[in-house]
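So the sequences go chain by chain: Z and B. Take the first sequence: its position 114, counting from 1, is numbered 116 in our numbering, and each next residue is one higher. Take the second sequence: its position 77, counting from 1, is numbered 216 in our numbering, and each next residue is one higher.
Be aware that one or more of the hints could be misleading.
What follows is a list of derived Cβ distance ranges for each label pair [to be verified]:
#, chain 1, residue 1, chain 2, residue 2, range
1, B, 143, Z, 472, 56 to 62 Å
2, B, 186, Z, 695, 53 to 59 Å
3, B, 236, Z, 481, 22 to 28 Å
4, B, 199, Z, 718, 24 to 30 Å
5, Z, 780, B, 188, 53 to 59 Å
6, B, 186, Z, 214, 31 to 37 Å
7, Z, 723, B, 168, 24 to 30 Å
8, B, 168, Z, 481, 33 to 39 Å
9, B, 199, Z, 234, 38 to 44 Å
With a cut-off of at most 25 Å between alpha-carbon atoms, the simulated BS3-like pairs for lysine-lysine come out as follows [as the list claims (entries may be wrong)]:
#, chain 1, residue 1, chain 2, residue 2
10, Z, 9, Z, 443
11, Z, 172, B, 248
12, Z, 307, Z, 481
13, Z, 29, B, 248
14, B, 168, Z, 9
15, Z, 310, Z, 172
Calculated from the structure, these hints are not laboratory results. For every residue, glycine included, the Cβ atom is placed at its ideal position computed from N, Cα and C.
One-letter residues, chain by chain:
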Amino acid sequence: MALDELKIGGMGASRRRVEDNRFIRGKGRYVDDVVLPGMLHMEILRSPVAHARIKSIDTTAAWEVPGVRLVLTGETMAARNLAWMPTLSYDTQAVLATDKVRFQGQEVAAVIADDPYIAKDACSRIVVEYESLPAIVNPVQAQDPNAPLIRDDKENQATNKIFDWEIGDKEATDRAFAEADVVSTVDLHYPRSHPSPLEPCGSIADYDRATGKLTVYMTTQAPHIIRAAVSLVAELPEHMIRIISPDLGGGFGNKVPVYPGYVISILASILTERPVKWIEDKSGNLISTGFGRDVYLQGQLALRKDGKILGMRMHTVSDHGAFYADAQPTKFKIGLMHSTFAAYDVPAAHLTSEGFYTNKAPGGVAYRCSFRVTEAMFFQERMMHAAANDLGMDQADFRRVNLVKDDMFPYRTAFGFLTDSGQYGKCLDVALEAIGYDTFKEEQEEARKRGKLLGIGISTMTEPLGAGNSREYDILGIKMFDSAELRVHMTGKAILRTGAKTQGQGHETTWAQIVAHELGIPADDIVVEEGDTDTAPFGMGTYASRSTPVAGAAVAMVARKIRAKARKIAAHLLEVSEEDIEWELGRFYVRGNEERGVTIQDCALAAYSNVPDGLEPGLENVAYYDPPNLTWPFAAYVCKVEVDPQTGVWDVLKFVAVDDCGVRINPMIVEGQIMGGLTEAYAMASMQYITFDEEGNCIGSNYMDYLLPTAWETPGFELHEVVTPCPHHPIGAKGIGECATVGGPAAFVNAVMNAIEHTGVRNVDMPLMPNRVYEALQTGQNVSGMPPVKGD
Amino acid sequence: MTSLYEEVPAEVPANVPTRRVTVTVNGEKRTVDVEPRLLLAHMLRQALQLTGTHTGCDTTNCGACTVLFDGRPIKSCTMLAVQADGHDVETVEGLATASELHPIQEGFKQEHGLQCGYCTPGMMMASKALLERNPNPTEDEIRWALSGNLCRCTGYQNIVKSVMWAAEKMRAEEAE
Ligand code: FES
Ligand code: FES
Numbered sequence: 003m004a005l006d007e008l009k010i011g012g013m014g015a016s017r018r019r020v021e022d023n024r025f026i027r028g029k030g031r032y033v034d035d036v037v038l039p040g041m042l043h044m045e046i047l048r049s050p051v052a053h054a055r056i057k058s059i060d061t062t063a064a065w066e067v068p069g070v071r072l073v074l075t076g077e078t079m080a081a082r083n084l085a086w087m088p089t090l091s092y093d094t095q096a097v098l099a100t101d102k103v104r105f106q107g108q109e110v111a112a113v114i115a116d117d118p119y120i121a122k123d124a125c126s127r128i129v130v131e132y133e134s135l136p137a138i139v140n141p142v143q144a145q146d147p148n149a150p151l152i153r154d155d156k157e158n159q160a161t162n163k164i165f166d167w168e169i170g171d172k173e174a175t176d177r178a179f180a181e182a183d184v185v186s187t188v189d190l191h192y193p194r195s196h197p198s199p200l201e202p203c204g205s206i207a208d209y210d211r212a213t214g215k216l217t218v219y220m221t222t223q224a225p226h227i228i229r230a231a232v233s234l235v236a237e238l239p240e241h242m243i244r245i246i247s248p249d250l251g252g253g254f255g256n257k258v259p260v261y262p263g264y265v266i267s268i269l270a271s272i273l274t275e276r277p278v279k280w281i282e283d284k285s286g287n288l289i290s291t292g293f294g295r296d297v298y299l300q301g302q303l304a305l306r307k308d309g310k311i312l313g314m315r316m317h318t319v320s321d322h323g324a325f326y327a328d329a330q331p332t333k334f335k336i337g338l339m340h341s342t343f344a345a346y347d348v349p350a351a352h353l354t355s356e357g358f359y360t361n362k363a364p365g366g367v368a369y370r371c372s373f374r375v376t377e378a379m380f381f382q383e384r385m386m387h388a389a390a391n392d393l394g395m396d397q398a399d400f401r402r403v404n405l406v407k408d409d410m411f412p413y414r415t416a417f418g419f420l421t422d423s424g425q426y427g428k429c430l431d432v433a434l435e436a437i438g439y440d441t442f443k444e445e446q447e448e449a450r451k452r453g454k455l456l457g458i459g460i461s462t463m464t465e466p467l468g469a470g471n472s473r474e475y476d477i478l479g480i481k482m483f484d485s486a487e488l489r490v491h492m493t494g495k496a497i498l499r500t501g502a503k504t505q506g507q508g509h510e511t512t513w514a515q516i517v518a519h520e521l522g523i524p525a526d527d528i529v530v531e532e533g534d535t536d537t538a539p540f541g542m543g544t545y546a547s548r549s550t551p552v553a554g555a556a557v558a559m560v561a562r563k564i565r566a567k568a569r570k571i572a573a574h575l576l577e578v579s580e581e582d583i584e585w586e587l588g589r590f591y592v593r594g595n596e597e598r599g600v601t602i603q604d605c606a607l608a609a610y611s612n613v614p615d616g617l618e619p620g621l622e623n624v625a626y627y628d629p630p631n632l633t634w635p636f637a638a639y640v641c642k643v644e645v646d647p648q649t650g651v652w653d654v655l656k657f658v659a660v661d662d663c664g665v666r667i668n669p670m671i672v673e674g675q676i677m678g679g680l681t682e683a684y685a686m687a688s689m690q691y692i693t694f695d696e697e698g699n700c701i702g703s704n705y706m707d708y709l710l711p712t713a714w715e716t717p718g719f720e721l722h723e724v725v726t727p728c729p730h731h732p733i734g735a736k737g738i739g740e741c742a743t744v745g746g747p748a749a750f751v752n753a754v755m756n757a758i759e760h761t762g763v764r765n766v767d768m769p770l771m772p773n774r775v776y777e778a779l780q781t782g783q784n785v786s787g788m789p790p791v792k793g794d
Numbered sequence: 140m141t142s143l144y145e146e147v148p149a150e151v152p153a154n155v156p157t158r159r160v161t162v163t164v165n166g167e168k169r170t171v172d173v174e175p176r177l178l179l180a181h182m183l184r185q186a187l188q189l190t191g192t193h194t195g196c197d198t199t200n201c202g203a204c205t206v207l208f209d210g211r212p213i214k215s216c217t218m219l220a221v222q223a224d225g226h227d228v229e230t231v232e233g234l235a236t237a238s239e240l241h242p243i244q245e246g247f248k249q250e251h252g253l254q255c256g257y258c259t260p261g262m263m264m265a266s267k268a269l270l271e272r273n274p275n276p277t278e279d280e281i282r283w284a285l286s287g288n289l290c291r292c293t294g295y296q297n298i299v300k301s302v303m304w305a306a307e308k309m310r311a312e313e314a315e
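So here's chain Z without its partners, still in its complex pose (with noise of 0.2 Å):
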């Protein structure tokens, strides 16, 4: 008799999670609280200035603080040349600055002694002469031709603009336009915003001289990555560097790039022969790790009388700060931008890029974000949501006549992915139904007289959630596949190791669900272990929604390798040939004799007791798993708010999310994942945002300024699924972590000016802060996030 898989914790059980019980006991182990004998605490003095030349760096005080062990500089990392090292984008980046301090927050120079609060102490004794130079906080002022030169350091670098890029069919998208009744036009920032795991990062380094050996304990998505960037930077052989990425408190792309202070830990324990642990205080995490997004998006859309699309213009110039450090695939300049209005039937295309250095923190890291792909979506609604307006459509019926349908599948963008499956008018359906899409009108009238103002705002995307196919996206080189190991021992219990990195999604229980469901193993049975590279396969690491397309596929593949030799030793268990052997969950029978059958526990025993003549023992395997094509969830996101015109304020009434992410591995789980993400998106639209003055200093550097939602602002969410399983994934399912985000903000804003565009207003750039609505509400007029920045 075949296992009923929800009793054993498979495929689509909403099964409790296993990390739960640590965390809840308060026995999780992060970074922080891993404590190795001997070790001496870290810390970095910053820049106080955004740019300015460093005249003299004088450590004299800081050495003759008791308990202070090494102080480097600059100069210290140059004699090893280690003061500068590579981004994940072909940029070099300094790790402890030797010419000039390019922003405010940049590293200077490092402390290691006794304990953390001596080598505070120390800091704040080193005296560092700065000549300060003009800043550049925006890509207006750096495309001055008068503006300072921000990479001198650079050969080639004779202005400060990083790159020109562009993609698309610029004649045919000509032609549309020339065709077209109606031309629409937005013009939006999408501000700079921080990650903000709670969890800041940190590492501690413990090189042992004796055997040559270096282990890193290090807050990072992607330990396997990293381990090759140290044995380049460090210029140790690989197998002597093992990175052990412990429990991570949270992640959302912050924790994916090689940051200074990684590099300078390492440097350090490998002075002094003793581990050294570095934690990042939150406005050293805030003030100099990546950040996302920070990038102004122009586009038009041609139009039909009729509502359909006939073509699409996009130009994005954005602000990478100091160091060109965005973590993405390598043929891409700017992430996959060029995933704008996938969801949509657009018949020519055209998108131009630059981006340019400024006097801020580096990053343009994937924010909960597949590379670029909150941007290009929530231009994309915002265009959706203008066009609308100036064609007098529906906002509804002017999404339905472009949504891609159902029998169009697989459907080629005008830029050139492949989407291959979905049902997007049915998600906006149940979307539109679940909120009252119908009697809304009248809603609104009735609130009019209340005095306040209500709007309704949607958001429909399709994103590409999964890289690779490694013959497109490569990091540095690295092709982006994924991978899985698999330990059956001889009791039918078993371990699983991958090569991508939970940090707070859950992976060890999921993958154990889908063994459980590619086996009849129990859930329970199965131990989950990432992030030690030397005990996992190599994998790339989790961002960019690709643990479950990638790595997830790969622990399925894995499986059934195992169920494959499984079947073997089934076939000499019950003396029949492999052919005469069926599967059910959990157990092989004779074909035409269900009785006679054993269970894969009993292959288990067996591969280890008692193995057919000529097949190896053992039931372990790997499976590596480069994914043929991306995976394309798709969205449709409604919200309903109210604003009061007295104030600028606005509530949401009730938010509606259809999710379709394919087949739902854990539904508790993914749930989960929305409602994070819908708070992300929340927060982004509402009051998220990291900016800076007109001398480049960060407002935003604190919890106090840099604004996050609590449990008070945060609204509820109401959810629902459609599912359209994923071709090509083994067990059909798509990548859910950052849709929310990605969507969700385009649903907030559309939402609010929806409320308030009857004054003729156009756009309000996020966040919508209750005096910048509030402003758009009394002037008719655009508030732009754009610069030139005001002093205020």
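We have chain Z already, so just place chain B with the ligands on it with the hints.
Frame of chain Z, contents of chain B with the ligands only:
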């Protein structure tokens, strides 16, 4: 000195004052010599190895370090260890007994009230303080009581449900 050996630093830092504090932590009296500037959070984490209390900010905003101080929730990153002398501190490690989870812990697991787990100890301690003074809170009361604690993963909705779950279980246990 309690260990058999204790290495004395070659250069004993002059005039670093220390003070002896005795704090009841999770029901047990603990005595530590501390510098007066040591934060309570760091004493718990480093001197007592109670690493369940996390720190997530420098500005008393995140609540990851929330513990109960004489039964009231406080942010242990904003209190000096010396201020805790003679007081009672309860941390996440004190919630469960060897054999049994506290209903709040069960609630967080059952209702998926955590993802990365970093905010969780603070959230649970703040929830405990709430349920002790209000055994039957409304959703709004829970959201307000937890508004000093940030979570970046869950979106709070499931945290609210977790607290509701725990409240119900605690009321049922009370009734028995
Ligand atoms: S560590 Fe953030 S409030 Fe204490
Ligand atoms: S669970 Fe990650 S911060 Fe709350």
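Going down the list of hints, with the structure as the test:
1. As the Cβ distance of residue 143(B) to residue 472(Z) is approximately 57 Å, the hint placing it in 56 to 62 Å holds.
2. Remark: the range hint 53 to 59 Å for residue 186(B) to residue 695(Z) is contradicted by a beta-carbon distance near 41 Å.
3. For residue 236(B) and residue 481(Z), the Cβ-Cβ distance of about 50 Å falls outside the hinted range of 22 to 28 Å, so the restraint is violated.
4. About 27 Å separates the C-beta atoms of residue 199(B) and residue 718(Z), a value consistent with the hinted range of 24 to 30 Å.
5. The hint said 53 to 59 Å for the Cβ distance between residue 780(Z) and residue 188(B), and at roughly 57 Å that hint holds.
6. Residue 186(B) and residue 214(Z) have their C-beta atoms about 34 Å apart, which keeps the hinted 31 to 37 Å range intact.
7. Our hint of 24 to 30 Å for residue 723(Z) and residue 168(B) is violated, since their Cβ atoms are close to 53 Å apart.
8. The hint said 33 to 39 Å for the Cβ distance between residue 168(B) and residue 481(Z), and at roughly 58 Å that hint is violated.
9. A hinted range of 38 to 44 Å holds for the C-beta pair residue 199(B) and residue 234(Z), which are about 40 Å apart.
10. Between the alpha carbons of residue 9(Z) and residue 443(Z) the distance comes to roughly 47 Å, so the proposed pair goes past 25 Å and is violated.
11. With a C-alpha separation of about 54 Å, the suggested pairing of residue 172(Z) with residue 248(B) is violated against the 25 Å cut-off.
12. At most 25 Å may separate the alpha-carbon atoms for a hinted pair to count; residue 307(Z) and residue 481(Z) exceed this at roughly 45 Å.
13. For the given pair, residue 29(Z) sits about 14 Å from residue 248(B) by alpha-carbon distance, which is consistent with the 25 Å threshold.
14. Taking the CA atoms of residue 168(B) and residue 9(Z), the gap is about 45 Å. The hint is violated against a cut of 25 Å.
15. A threshold of 25 Å between alpha carbons decides the hint, and for residue 310(Z) with residue 172(Z) the separation of about 19 Å falls inside it, so the pair holds.
Checked against the numbered hints given earlier, the structure breaks hints 2, 3, 7, 8, 10, 11, 12, 14 and satisfies all the rest.
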